[in-house]
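*Asks:* Here's the letter readout for the chains.
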Amino acid sequence: MEAQGGRSGQISEGWKDLVTAVGLLVFALAGFLYINPNGSGVWPGPGGMTWRTMPFIYSSLLSVLSIIYVVQSILKIRAERKLTRTPVPPEQQAENRLILFRRVATFAFLMAYVSLLRVFGFAIVTPIFLFALFRLYARGDWKGDAVISLVGAFALWLLFVRILHLNLKGYTWDPVTPFLLDALSMVGL
Amino acid sequence: MLEGLIQGFVEMSSLSNLALLFVGTALGILVGALPGLSSPMAIIVLLPITFAMETLPAFAIMIGIYVGTKLGGSFSAILLRTPGTPASACTAVDGYPMALRGEAGLALGYATMGSTAGGLLGWVAAVTAIPFIATIALDSAPPDIALIGIAGLVMVSAFARGSMVKGFAGVLVGLLISSVGMDGQDAVMRYTFSLPILESGVPFAAVLVGVFGFAVVFSDIAMTVKGTELLTRDVKLNLPGLGDLLRRWKAWVIGAAYGIGIGAIPGVGADGSTWLSYATVKNQSKNPPPEAFGTGVPEGILAPESSNNATTGGALVPMLTLGIPGDGSTAIMLGAMVMHGLTPGVSLMRDDPHIVYGLLAALLIATVFMFIIAWTAIGSFVFVLQRERSVLFPFILVFATIGAFSSANMLFPVYVAIIFGLLGFWLEGRGFPVVTIVLGAILGPIIEYNIRLGLALSGGEWTTFVGTWPRMVLASVIVILIGIEIRSAFKARSAANRLKDQSEERTGRLAPGD
Numbered sequence: 001m002e003a004q005g006g007r008s009g010q011i012s013e014g015w016k017d018l019v020t021a022v023g024l025l026v027f028a029l030a031g032f033l034y035i036n037p038n039g040s041g042v043w044p045g046p047g048g049m050t051w052r053t054m055p056f057i058y059s060s061l062l063s064v065l066s067i068i069y070v071v072q073s074i075l076k077i078r079a080e081r082k083l084t085r086t087p088v089p090p091e092q093q094a095e096n097r098l099i100l101f102r103r104v105a106t107f108a109f110l111m112a113y114v115s116l117l118r119v120f121g122f123a124i125v126t127p128i129f130l131f132a133l134f135r136l137y138a139r140g141d142w143k144g145d146a147v148i149s150l151v152g153a154f155a156l157w158l159l160f161v162r163i164l165h166l167n168l169k170g171y172t173w174d175p176v177t178p179f180l181l182d183a184l185s186m187v188g189l
Numbered sequence: 001m002l003e004g005l006i007q008g009f010v011e012m013s014s015l016s017n018l019a020l021l022f023v024g025t026a027l028g029i030l031v032g033a034l035p036g037l038s039s040p041m042a043i044i045v046l047l048p049i050t051f052a053m054e055t056l057p058a059f060a061i062m063i064g065i066y067v068g069t070k071l072g073g074s075f076s077a078i079l080l081r082t083p084g085t086p087a088s089a090c091t092a093v094d095g096y097p098m099a100l101r102g103e104a105g106l107a108l109g110y111a112t113m114g115s116t117a118g119g120l121l122g123w124v125a126a127v128t129a130i131p132f133i134a135t136i137a138l139d140s141a142p143p144d145i146a147l148i149g150i151a152g153l154v155m156v157s158a159f160a161r162g163s164m165v166k167g168f169a170g171v172l173v174g175l176l177i178s179s180v181g182m183d184g185q186d187a188v189m190r191y192t193f194s195l196p197i198l199e200s201g202v203p204f205a206a207v208l209v210g211v212f213g214f215a216v217v218f219s220d221i222a223m224t225v226k227g228t229e230l231l232t233r234d235v236k237l238n239l240p241g242l243g244d245l246l247r248r249w250k251a252w253v254i255g256a257a258y259g260i261g262i263g264a265i266p267g268v269g270a271d272g273s274t275w276l277s278y279a280t281v282k283n284q285s286k287n288p289p290p291e292a293f294g295t296g297v298p299e300g301i302l303a304p305e306s307s308n309n310a311t312t313g314g315a316l317v318p319m320l321t322l323g324i325p326g327d328g329s330t331a332i333m334l335g336a337m338v339m340h341g342l343t344p345g346v347s348l349m350r351d352d353p354h355i356v357y358g359l360l361a362a363l364l365i366a367t368v369f370m371f372i373i374a375w376t377a378i379g380s381f382v383f384v385l386q387r388e389r390s391v392l393f394p395f396i397l398v399f400a401t402i403g404a405f406s407s408a409n410m411l412f413p414v415y416v417a418i419i420f421g422l423l424g425f426w427l428e429g430r431g432f433p434v435v436t437i438v439l440g441a442i443l444g445p446i447i448e449y450n451i452r453l454g455l456a457l458s459g460g461e462w463t464t465f466v467g468t469w470p471r472m473v474l475a476s477v478i479v480i481l482i483g484i485e486i487r488s489a490f491k492a493r494s495a496a497n498r499l500k501d502q503s504e505e506r507t508g509r510l511a512p513g514d
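Chains as they are written, first to last, in full-length UniProt numbering: chain B, 1 to 189; chain Z, 1 to 514.
Think of the hints as simulated: they come from the structure by calculation, not from any bench. These numbers were taken from a predicted model, which means no experiment stands behind them. Every residue gets a Cβ at the ideal spot worked out from N, C-alpha and C, and that includes glycine. Check before you lean on any hint, since a few could be wrong.
[Stated by the list, open to error] Covered stretches of chain Z, going by a simulated chain B footprint (3 or more residues, C-beta under 8 Å):
| # | stretch |
| --- | --- |
| 1 | 171-185 |
| 2 | 218-224 |
| 3 | 339-353 |
| 4 | 390-398 |
[Stated by the list, open to error] Here are some, though not all, of the chain B residues that point toward chain Z, as calculated from beta-carbon distances under 10 Å:
| # | residue |
| --- | --- |
| 5 | 22 |
| 6 | 26 |
| 7 | 28 |
| 8 | 62 |
| 9 | 147 |
| 10 | 158 |
| 11 | 159 |
| 12 | 162 |
| 13 | 167 |
[To be verified] Label pairs and their in silico Cβ distance ranges:
| # | chain 1 | residue 1 | chain 2 | residue 2 | range |
| --- | --- | --- | --- | --- | --- |
| 14 | Z | 238 | B | 141 | 46 to 56 Å |
| 15 | B | 89 | Z | 489 | 57 to 67 Å |
| 16 | Z | 409 | B | 184 | 14 to 24 Å |
Bound-form chain B, shown alone (with noise of 0.2 Å):
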């Protein structure tokens, strides 16, 4: 049996297992840990059950199974030490690094976006996430992305303002919700 990888630097999946395994282990325990320092028995009293009970039985639960999933994880790392590897060929190397820089660079941007929505509001900020999108993402040409960009973002404000009337402007600088509602009333709209 083979399995790909090699020097490829990557993570096998038996380990990826792990992580997971374990991670869910840590939050079966914080369930345990956390629910409310302040409180009441765990099993049912007379009359019913107390409020921690059914947390704790989930917590109980998950640790179990959590356990049986690092025991499934190990005892995969060790049958992939056993697999013959064969190198990932180069072009699906670079391919795979592409797409780890476009998934982090995506998160990076979702995250950017989000943090400035509120401080510069959706009129300045949505454009420019947009542009940084098509871009990282090799849409077409520079001209096409800015105009498919501010297009589309107007077209959601409208929507998202005009429409639905959600407060999106910003509350520190934000020139534009202001200039585009006067212009909109101008027109009549």
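Start from chain B and add chain Z according to the hints.
*Replies:* What follows is chain Z alone, placed relative to chain B:
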């Protein structure tokens, strides 16, 4: 019942509702046709719009999307051999060879007819079953409701793809998430870390946006790197005649029967029913013979497509009568019901019958619209199939962000959605069926409330959960399902060990000679 149904049609027949249903169905076909985009994602993207609407119009657009995606998935399955939705994968088996023979239009025609027939039969089943089951469900006591909820979660874990450990773990993660916030019975804070923002719990809309919106984009970014190539760009829909369809009645009737039955089981959804119906039709077929399947026979398209659309009717049955969703889309619709101030579950039919009948009317109208839209405008959808995901994903991210934001008019739910997006992306990649997390989060409060109420009413007697014969049946179903799952997990493990031993033995025998 008939009176309620007529009222439902009257409400849905207003011009605005019909327009929303039409737009929703067209959007659904479009989304379904694009690999990587799904019905739950499309519904999530429209959350900010549906928040601002009345309840029935909001559900009109959601039902339209739900129905439309079922057919849309077959377009890319036939023309690209890349199914637009997981449930359409089966359609590619015979649809793509037909397209290769130059009969792409006819293959799309069979897919359209199969989907329409399945959708209509699914609707008949839903209309027949829902009032009947709802009447029985109304007599349920808290222990019954708790057991139904637990049975639903066990079914979701057992039937969802992937291992039992992952299925149950997903449900438990969802149940723990549902425990965050103020406990409704004792007014005590749980898992709030003294943060007032968590007192009302983890924002449910944010969980949905994260799992079905952000996670899907993070996962499918690979599509912006890998291009797609259409088999043919010039497609004209060639609908088969009614006689042709009647001659092949077995294929679409069997397909619909599977779709209705399996669609009603939580967690299985259309993915399982299409393959099961295909296998059954293939094995029972005399003309064409079973060996002809896979070479491009119409029955191989009619069966899965009919099954796929029949699941819409099937999935609405547990959703509208018991408050248990059949798949991701119905899970979001249940969440949307809560956001619109409704109480999904056994009391929905009693308290808001106009919603139930309105949804049923919407289901039938959307099925008819789906046929008309595919018939008249298939070329537009094929055109869109050629577009790159690099244009769509940025817009989806904006919609998802504003969807989470508008649920509470603050940024906190957006950050929660991003966290759940990362979590969903990672867990989906490790083979966890993320729909189990969502269902756990939906059913958690219902189960806990009814267990505690049932125990309180019985004076703390646990035997109340097996006190009547329906409860015994439900408890037995839960125990049997868990037992089957544990047994099959052990069997799979010993089979894997046997294979490993055989492989090592063979390697050992060959090694000296080599």
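*Asks:* Of all the hints given earlier, name the ones this structure violates by number, lowest first.
*Replies:* Structure breaks hints 3, 5, 6, 9, 10, 12, 14 and 15.
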